[in-house]
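Please build the complete structure, drawing on both the sequences and the hints.
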Amino acid sequence: MTALSLSSVNKSFGDVHVLKDIELSVEEGEFVVFVGPSGCGKSTLLRVIAGLEEASSGEIRIAGEVVNTTPPAKRGIAMVFQSYALYPHLNVRGNMTLALKQERQPRDVIAARVAKAAAMLNLEDYLDRYPSELSGGQRQRVAIARAIVREPKLFLFDEPLSNLDAALRMNTRLEIANLHRALGGSMVYVTHDQTEAMTLADKIVVLRDGRVEQIGSPMDLYNEPVNRFVAGFLGAPAMNFFPAGLLSPGDRRITGLRPEALHVDPDGPLEVQVSHVEQLGGDTNVIAQMQDHQITARLFGQHAITEGTRLRLGYDPARAYHFDETGARLG
Amino acid sequence: MNKARSKPVNALAMHGALILYTLIALFPVFIILINSFKSRRAIFREPMALPDAESFSLIGYQTVLKQGDFLLYFQNSMIVTVGSLFFILLFGAMAAYALSEYRFRGNTLMALYLALGIMIPIRIGTVAILEMMVATGLVNTLWALILVYTAQGLPLAVFILSEFMRQVSDDLKNAGRIDGLSEYTIFFRLVLPLVRPAMATVAVFNMIPIWNDLWFPLILAPAEETKTLTLGSQVFIGQFVTDWNAVLSALSMAILPVLVLYVIFSRQLIRGITSGAVK
Ligand SMILES: Nc1ncnc2c1ncn2[C@@H]1O[C@H](COP(=O)(O)OP(=O)(O)OP(=O)(O)O)[C@@H](O)[C@H]1O
Ligand SMILES: [Mg+2]
Numbered sequence: 131m132t133a134l135s136l137s138s139v140n141k142s143f144g145d146v147h148v149l150k151d152i153e154l155s156v157e158e159g160e161f162v163v164f165v166g167p168s169g170c171g172k173s174t175l176l177r178v179i180a181g182l183e184e185a186s187s188g189e190i191r192i193a194g195e196v197v198n199t200t201p202p203a204k205r206g207i208a209m210v211f212q213s214y215a216l217y218p219h220l221n222v223r224g225n226m227t228l229a230l231k232q233e234r235q236p237r238d239v240i241a242a243r244v245a246k247a248a249a250m251l252n253l254e255d256y257l258d259r260y261p262s263e264l265s266g267g268q269r270q271r272v273a274i275a276r277a278i279v280r281e282p283k284l285f286l287f288d289e290p291l292s293n294l295d296a297a298l299r300m301n302t303r304l305e306i307a308n309l310h311r312a313l314g315g316s317m318v319y320v321t322h323d324q325t326e327a328m329t330l331a332d333k334i335v336v337l338r339d340g341r342v343e344q345i346g347s348p349m350d351l352y353n354e355p356v357n358r359f360v361a362g363f364l365g366a367p368a369m370n371f372f373p374a375g376l377l378s379p380g381d382r383r384i385t386g387l388r389p390e391a392l393h394v395d396p397d398g399p400l401e402v403q404v405s406h407v408e409q410l411g412g413d414t415n416v417i418a419q420m421q422d423h424q425i426t427a428r429l430f431g432q433h434a435i436t437e438g439t440r441l442r443l444g445y446d447p448a449r450a451y452h453f454d455e456t457g458a459r460l461g
Numbered sequence: 140m141n142k143a144r145s146k147p148v149n150a151l152a153m154h155g156a157l158i159l160y161t162l163i164a165l166f167p168v169f170i171i172l173i174n175s176f177k178s179r180r181a182i183f184r185e186p187m188a189l190p191d192a193e194s195f196s197l198i199g200y201q202t203v204l205k206q207g208d209f210l211l212y213f214q215n216s217m218i219v220t221v222g223s224l225f226f227i228l229l230f231g232a233m234a235a236y237a238l239s240e241y242r243f244r245g246n247t248l249m250a251l252y253l254a255l256g257i258m259i260p261i262r263i264g265t266v267a268i269l270e271m272m273v274a275t276g277l278v279n280t281l282w283a284l285i286l287v288y289t290a291q292g293l294p295l296a297v298f299i300l301s302e303f304m305r306q307v308s309d310d311l312k313n314a315g316r317i318d319g320l321s322e323y324t325i326f327f328r329l330v331l332p333l334v335r336p337a338m339a340t341v342a343v344f345n346m347i348p349i350w351n352d353l354w355f356p357l358i359l360a361p362a363e364e365t366k367t368l369t370l371g372s373q374v375f376i377g378q379f380v381t382d383w384n385a386v387l388s389a390l391s392m393a394i395l396p397v398l399v400l401y402v403i404f405s406r407q408l409i410r411g412i413t414s415g416a417v418k
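Top line first, the protein sequences correspond to chains E and L. Positions in the first sequence are counted from 1; adding 130 to them yields this note's numbering. Positions in the second sequence are counted from 1; adding 139 to them yields this note's numbering.
Quick caveat, the hints were computed from the structure, so don't treat them as lab data. Some clues are possibly wrong.
As the list claims (entries may be wrong) - Partial chain E-side listing against chain L, Cβ under 8 Å, derived:
| no. | residue |
| --- | --- |
| 1 | Glu153 |
| 2 | Ala208 |
| 3 | Phe211 |
| 4 | Ala229 |
Said to hold, decoys possible - Take a look, some chain L residues computed to stay more than 10 Å from chain E by CB distance:
| no. | residue |
| --- | --- |
| 5 | Pro186 |
| 6 | Phe213 |
| 7 | Tyr241 |
| 8 | Leu255 |
| 9 | Asn279 |
| 10 | Glu302 |
| 11 | Leu311 |
| 12 | Gly315 |
| 13 | Leu320 |
| 14 | Leu329 |
| 15 | Leu333 |
| 16 | Phe344 |
| 17 | Ile347 |
| 18 | Phe379 |
Said to hold, decoys possible - Label pairs and their calculated CB-CB ranges:
| no. | chain 1 | residue 1 | chain 2 | residue 2 | range |
| --- | --- | --- | --- | --- | --- |
| 19 | L | Arg328 | E | Gly314 | 30 to 40 Å |
| 20 | L | Met249 | E | Val146 | 20 to 30 Å |
| 21 | L | Thr161 | E | Asp295 | 40 to 50 Å |
| 22 | L | Asp309 | E | Asp454 | 35 to 45 Å |
Cβ atoms here follow ideal geometry from the backbone N, Cα and C, with glycine treated the same way.
Below, the structure is given as structure tokens:
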């Protein structure tokens, strides 16, 4: 069954057209990630799904039912916010049980669900603390626990990790992945961090300026991007682009090469001047100039390359992508 | 305070200035208090002296408590002040929430219209207000005063509170909506506690002018049973003779309740509330 389906959803704020003809479906138990640059409408889309904003047109179905006019609390969703949004006047237990009390669930059900969620997120010792007495990571876990206890048909996450530091972010990311496995719930997750998107998603939705650019599994998007935007957005370091005319005069196309597709080759076609070298231990990122174009090469292992040297780089032609002037992918 | 950053000299100068200011500000109050406990002659002979065995006298307090219905005046002032503050805060906060939270046609216009009230003194409309009160039969009731003071306080209250409410996290309100809280619960349980310091500021700003006002009590409610403290104290100030003992005693007693209210509100101002709700 489909957990969520959107058909030609539009949203405008006054004259500003923020979401344009969004078509999307989320299968039951699927983990779907929305990615896109800042301001592309990810949060707005999530809020439209949650019912916090009304769609200007289009149809939203959750678990088969049209919910366009259903208030947020009755949509069978739970949401985790970037800023945690815990109730300051309630302790952790109070935060977790508020929605259940509003739904008039029996006490024993509430107690059982709180115990289960607290165990899942290691919050048993903090149930009587107030949000102001918790660390950032703990607050975010409380926010997630508050969503879990509702046993919703659909989980919505709006950049839940962006306020955490790098190490905590990685841990919480794993925790969310484990939760998804344990609960089997359908999840929609917004981020602008492409690592989060690649590692968590069953399906990624790439948005730009309120439009869906491409939908697919992480590897589909990585291997077969439909256009230059998607190709450049996924993968780190980002894909290199340069006019194909640099190598074969007269060619009007744009060539895209992933940094990991490049290698040092004395007979290679790309002649570059190294401007910077990043030694990461496992990998070496070489940032170089080819005429006016910056080229990044990701070399496996450690390489002693000094800045300012001239190098030739080669690549497997089968791993090159080609785009036309508008950015659409060719062949 | 951060020890490492504050130099002792600076701290000394700062505290010196603050103490000096406190002394200057409190001096008149102090003079009123000590003189209210002195005999009439002592007040005029040595106004700065503390009351001693010879000059000590409670005659002022006795006059005040005997004359007129001082306790009733007191009660009237209290009812008017607390009632007006309650309505200013309630309606001000509700209007501010509506203006800051909901997008509706005419929102900006409405906010500007309300802000206009800050610039136009309500006393300009005294005659019209009096006519209205006569027409509605509210003259010589405490409601007349409460309504006027509420109207007088609302513009600034709405203005200040809507600024603060705009800063309350949207995520928090949205979390409440998803959890099934009604808009009223979100307003009273989530938003109001977070703007408590601003509410206290508004309360303190409005309290003292209302408590001290002479104009509207004189015009709208001069009857014996609706007199406020300020109006009631006027009987001691005659055209030819003024009973200074009574005036000073009445003033001293009038300070007390304002002080209590102030302490209540300023605790709210100072209390570092609800950090950790968001972020
Ligand atoms: N209430 C609103 N009124 C008018 N415009 C809005 C409103 N909310 C959002 N927008 C506009 O909609 C666009 C999308 O905003 P949104 O918050 O969805 O972006 P986002 O993709 O979540 O960005 P970020 O990654 O920075 O969170 C922005 O251009 C924003 O200015
Ligand atoms: Mg966002």
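Check the structure against each numbered hint from earlier and tell me which ones fail, lowest number first.
Those not satisfied are hints 1, 11, 12, 13, 14, 15.
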